[in-house]
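*Asks:* Given the coordinates of chain X, work out where chain C should sit on it, guided by the hints.
Number of protein chains: 2
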Amino acid sequence: MNYTFSDKIVSLKPSAIREILKMASDPSIIPFTAGNPSSEAIPAEVIRKFSAEILEQEPMAALQYSITEGYPKLREALKGFCRERYQAFDGERDDLIITSGAQQAIELACKVLCNEGDVVLCENPSFVGSLNSFRSYGVTLKGVAGDEDGVDMAALEEAMKTYHPKFFYVIPNFQNPSGRTMSWQRRQEAYALAKRYGVLILEDNPYGDLRFAGEPVPTIKSLDEEGLVIYCGSFSKILAPGLRVGFVSAPAPIIAKMTVGKQGSDVHTNILAQMIAYRFLTEVDLPRHFAGLAEIYRHKCELILSEMDRQFDKRVAYTRPQGGLFVWCTFPEGTDMTGFCRAAIPQGVAVVPGTAFVANEATDVSYSFRMNYSTPSDEQIVKGIAILARLMRDYLK
Amino acid sequence: MNYTFSDKIVSLKPSAIREILKMASDPSIIPFTAGNPSSEAIPAEVIRKFSAEILEQEPMAALQYSITEGYPKLREALKGFCRERYQAFDGERDDLIITSGAQQAIELACKVLCNEGDVVLCENPSFVGSLNSFRSYGVTLKGVAGDEDGVDMAALEEAMKTYHPKFFYVIPNFQNPSGRTMSWQRRQEAYALAKRYGVLILEDNPYGDLRFAGEPVPTIKSLDEEGLVIYCGSFSKILAPGLRVGFVSAPAPIIAKMTVGKQGSDVHTNILAQMIAYRFLTEVDLPRHFAGLAEIYRHKCELILSEMDRQFDKRVAYTRPQGGLFVWCTFPEGTDMTGFCRAAIPQGVAVVPGTAFVANEATDVSYSFRMNYSTPSDEQIVKGIAILARLMRDYLK
Numbered sequence: 006m007n008y009t010f011s012d013k014i015v016s017l018k019p020s021a022i023r024e025i026l027k028m029a030s031d032p033s034i035i036p037f038t039a040g041n042p043s044s045e046a047i048p049a050e051v052i053r054k055f056s057a058e059i060l061e062q063e064p065m066a067a068l069q070y071s072i073t074e075g076y077p078k079l080r081e082a083l084k085g086f087c088r089e090r091y092q093a094f095d096g097e098r099d100d101l102i103i104t105s106g107a108q109q110a111i112e113l114a115c116k117v118l119c120n121e122g123d124v125v126l127c128e129n130p131s132f133v134g135s136l137n138s139f140r141s142y143g144v145t146l147k148g149v150a151g152d153e154d155g156v157d158m159a160a161l162e163e164a165m166k167t168y169h170p171k172f173f174y175v176i177p178n179f180q181n182p183s184g185r186t187m188s189w190q191r192r193q194e195a196y197a198l199a200k201r202y203g204v205l206i207l208e209d210n211p212y213g214d215l216r217f218a219g220e221p222v223p224t225i226k227s228l229d230e231e232g233l234v235i236y237c238g239s240f241s242k243i244l245a246p247g248l249r250v251g252f253v254s255a256p257a258p259i260i261a262k263m264t265v266g267k268q269g270s271d272v273h274t275n276i277l278a279q280m281i282a283y284r285f286l287t288e289v290d291l292p293r294h295f296a297g298l299a300e301i302y303r304h305k306c307e308l309i310l311s312e313m314d315r316q317f318d319k320r321v322a323y324t325r326p327q328g329g330l331f332v333w334c335t336f337p338e339g340t341d342m343t344g345f346c347r348a349a350i351p352q353g354v355a356v357v358p359g360t361a362f363v364a365n366e367a368t369d370v371s372y373s374f375r376m377n378y379s380t381p382s383d384e385q386i387v388k389g390i391a392i393l394a395r396l397m398r399d400y401l402k
Numbered sequence: 006m007n008y009t010f011s012d013k014i015v016s017l018k019p020s021a022i023r024e025i026l027k028m029a030s031d032p033s034i035i036p037f038t039a040g041n042p043s044s045e046a047i048p049a050e051v052i053r054k055f056s057a058e059i060l061e062q063e064p065m066a067a068l069q070y071s072i073t074e075g076y077p078k079l080r081e082a083l084k085g086f087c088r089e090r091y092q093a094f095d096g097e098r099d100d101l102i103i104t105s106g107a108q109q110a111i112e113l114a115c116k117v118l119c120n121e122g123d124v125v126l127c128e129n130p131s132f133v134g135s136l137n138s139f140r141s142y143g144v145t146l147k148g149v150a151g152d153e154d155g156v157d158m159a160a161l162e163e164a165m166k167t168y169h170p171k172f173f174y175v176i177p178n179f180q181n182p183s184g185r186t187m188s189w190q191r192r193q194e195a196y197a198l199a200k201r202y203g204v205l206i207l208e209d210n211p212y213g214d215l216r217f218a219g220e221p222v223p224t225i226k227s228l229d230e231e232g233l234v235i236y237c238g239s240f241s242k243i244l245a246p247g248l249r250v251g252f253v254s255a256p257a258p259i260i261a262k263m264t265v266g267k268q269g270s271d272v273h274t275n276i277l278a279q280m281i282a283y284r285f286l287t288e289v290d291l292p293r294h295f296a297g298l299a300e301i302y303r304h305k306c307e308l309i310l311s312e313m314d315r316q317f318d319k320r321v322a323y324t325r326p327q328g329g330l331f332v333w334c335t336f337p338e339g340t341d342m343t344g345f346c347r348a349a350i351p352q353g354v355a356v357v358p359g360t361a362f363v364a365n366e367a368t369d370v371s372y373s374f375r376m377n378y379s380t381p382s383d384e385q386i387v388k389g390i391a392i393l394a395r396l397m398r399d400y401l402k
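Chain order of the listed sequences is X and C. No gaps in the numbering here: position 207 of the first sequence is 212 in my numbering, and each next residue is one more. No gaps in the numbering here: position 162 of the second sequence is 167 in my numbering, and each next residue is one more.
Because the hints were derived from the structure by calculation, they are not lab data. Just so you know, not all the hints are guaranteed correct.
As the list makes no split between identical chains, a pair holds if one copy fits it or if it spans any two.
[Claimed, not checked] As a list, the in silico BS3-like pairs of lysine-lysine whose alpha-carbon atoms are at most 30 Å apart:
#: 1; residue 1: K388; residue 2: K27
#: 2; residue 1: K54; residue 2: K78
#: 3; residue 1: K200; residue 2: K166
#: 4; residue 1: K200; residue 2: K84
This is chain X alone, in the form it adopts within the complex (with noise of 0.2 Å):
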C-alpha cells in the first residue's frame, strides 16, 4: 500500500538536521543538542511527595476524567501567579487554560487563528519546535531578523504592512535558539506595532523564571491594554518537562475557542501532574526555589563562557545570555556550518546546526548554531568546547 499524507504532514520533511539530532542521541556523545533543564534543576523528591499525598487522599480527582479547561485550583493560581509576576494576567478580560506542556499552547493558538496559507511572523532564528507546529497547520512563516536587542523594529513593521499576518510569534526571554533577551524598548514598540496594525501577539515565556543576570523585563503582556496578547507559560523548566503541563493566558474568547480545540487533541491534560503542578505553585517556597536554579544555571553558563572566550577563535561570536539554556554561536560568513556540526558527531561532541531555527529552510542561509549549557557535565563542557575549538580551525580559512 502506498500511503497518500496530507499536505500539512508532507511538508514536514526530516532533513540535516534530524541527521545530526539522530548520531547525536548516542549517550556516549557530548550533549551540546539538549532542550533539557538540569537534572539537579528538577524536584524530585518534592514532586515523590506531592504525587503520593494526591494518591493517598483523593485518588478519584487524580484518576478520572477531568474537564478540558484544566484542574480549576491550578488555573485559579496560575491566574495569580501569571498577575503577580508577570504582570500577564488581566482579570477582568483574560483568561486561563492548562496545557498538555507550552508545545500544545502554541498548537492551540495556531488551530483556533490561522486558516492554510495565512501568515505568521516568528523572530528569525526562533525555536524550531513552534516552528514545525506552525508549518503542521499549513501556514506561511516569515521571519523577521533582529540583533541583541531582539527583532529589527523597521523590518517587524515592514512584514505587518506586507503580510497581514495573524501573529507575531516571539520569546522575548533568552530566546530560544539565541539566548538573546528583548529590550523593553523593543517590546513597547512591538506591541504598539501590533496595536497599530492589528496583529495579535503570541508571547512564549517558557524560560522567564531563569534569569541568572541583568534585571528582569517585563512581559510584552502587561503592557496588553487591548487584548492583544496571547501569553504561554510552562512548568517544563522550573519543575519538570515529563510531567506536560503549560498554560495559556488570554482573552477570554480566544481560551474559549483554545478549549474547543484542545477538547479534540487530547480531553485533557494529564490530571495528577496538574494536581502537583498546584501543589508545587502554592506550598513551595518559589523566590528560594527560583533562586536555586539561577544558581545552577549561572554556573554552568559562566563555565561554557569562559571556557569559550578562552578556547575559542575569535572569529567566531557568541552571545552571552542572561538566563535560560542556550548561547548562540555565529561563524564568519561563508563557513561551513553544517560541515562543521557534521564532523563534530564522529569527535563526540553534538550542536544544534542554525539552519534548524530559520523560518525558511528553502532560502534563511545560517552561519550559527546552538549550544545548550544545562545538560551536559562540567567535565563534559571543558571537554567538548575544547574539541570544538580544535575542529573549528579547519573550517576557519
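*Replies:* Relative to the frame of chain X, chain C by itself:
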C-alpha cells in the same frame, strides 16, 4: 478587539447538546450523560504503588523530557499485547506510538492523512469527540447508517464509491453511543470493501476489554494483510482516564508521520503515566483484572436494562450491549426527543440527546438518546429510570 478565528474552529459551534451537558454537571443531577469508567473499576491502590516505586527508583526517567514515540518499554509491551490479545500488530510491517489518550490518536490520524475538504466516513451515530476532532481539521464527514450488526454494507460500499474517503472510522466493540458490536461477518466485509476501494480503516477499540457477555469477535486489524488498518487503543477504560495514555498500531510509514505530527502537538505524553501503564501491563494479572471489570459492568448493565424492561414504555427501543458503557434508546419517529432530554434536567436526570452523535447536525435527524450506566450508583440508576419512564409518557403520543 474583535477576533477572527480559523474556519475550522468556527465550524465547531456550541449547540443545544452542550447546553444540556452543562446543566448536567450539577452534582445533584443523576448523570446518565457520562462517558467515565466506573470509579470502582480504577485500581487506585495499584497506581499509587507503581507511581511511588517509579519516582523512588528512576525519578529522572519519569520527569525529564522523553521521546515522542513513547516510553520504549511500554511500546514493546503494547506490541505484544496487541499481537497476542487482538492480532492487531504485525511485527514485520506495523509500528506503534503512544498518544495522549486515544483522542490524540484519532486527531493524529486526521492530521497526517487529511487535507481540508477530504471526506471521512463514520458510523452514524458515532462518538462526538472523534467527530469534532475530524471537523476541526476541516474534513467533510459522511455518516453510514447501520443496525444491530454494525454499519450497512451496501451503504458503506456506496459511500466509498461516491466519496473516495480517506478513511472509515469505526468503533466495532460496544460502540459509543449505540452500545452495538459489529459482527464478524460485517468486519470481514468492511475490510474487503476497504481493500477493494483503497480506503483506510481507523479502528477505535477503547471498550474491547470491557466485554461481559457473548463471545469476543476478532478485530478488523486482525484481517489486515494489506496495511489498511490503523488500530487505536486506550488505558482510559482499563486503568484510568486521568492518565491520558492511548496508543496506535499501524503500518510503520503512518506511525512515522504521526510521530512528526505529535512532536508539534505536545512533544510526548506524560512519561510517569506511561511508566505506570507499563507496570500495569506487565505486573498486574490482566485476565483477573479484566474479569473484575466485567463483573462491575455486567452488574450495572443488567440493572439498568431490567429497570428499563420493567418501566419504559414498550414503544421505546433500546440496545442490549455485551460490554462497554452505553445503552442507546430510540423513540418512535416524530417524538420530540430533544424536548424530552431538556425536560429531564429539572426532574433531576440527564441523558445525552442523539443529535450529539450524528455525522451531519444540519441534516441528520435523531430520535435517540444515550445512557451511561457506569457512573451513576445503583440507587441513582433505579431512581433515574423511574423518572425517565414517567416523563416519557408525556412525549409519546
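*Asks:* Any hints from earlier that this structure breaks? Give me their numbers in increasing order, please.
*Replies:* none
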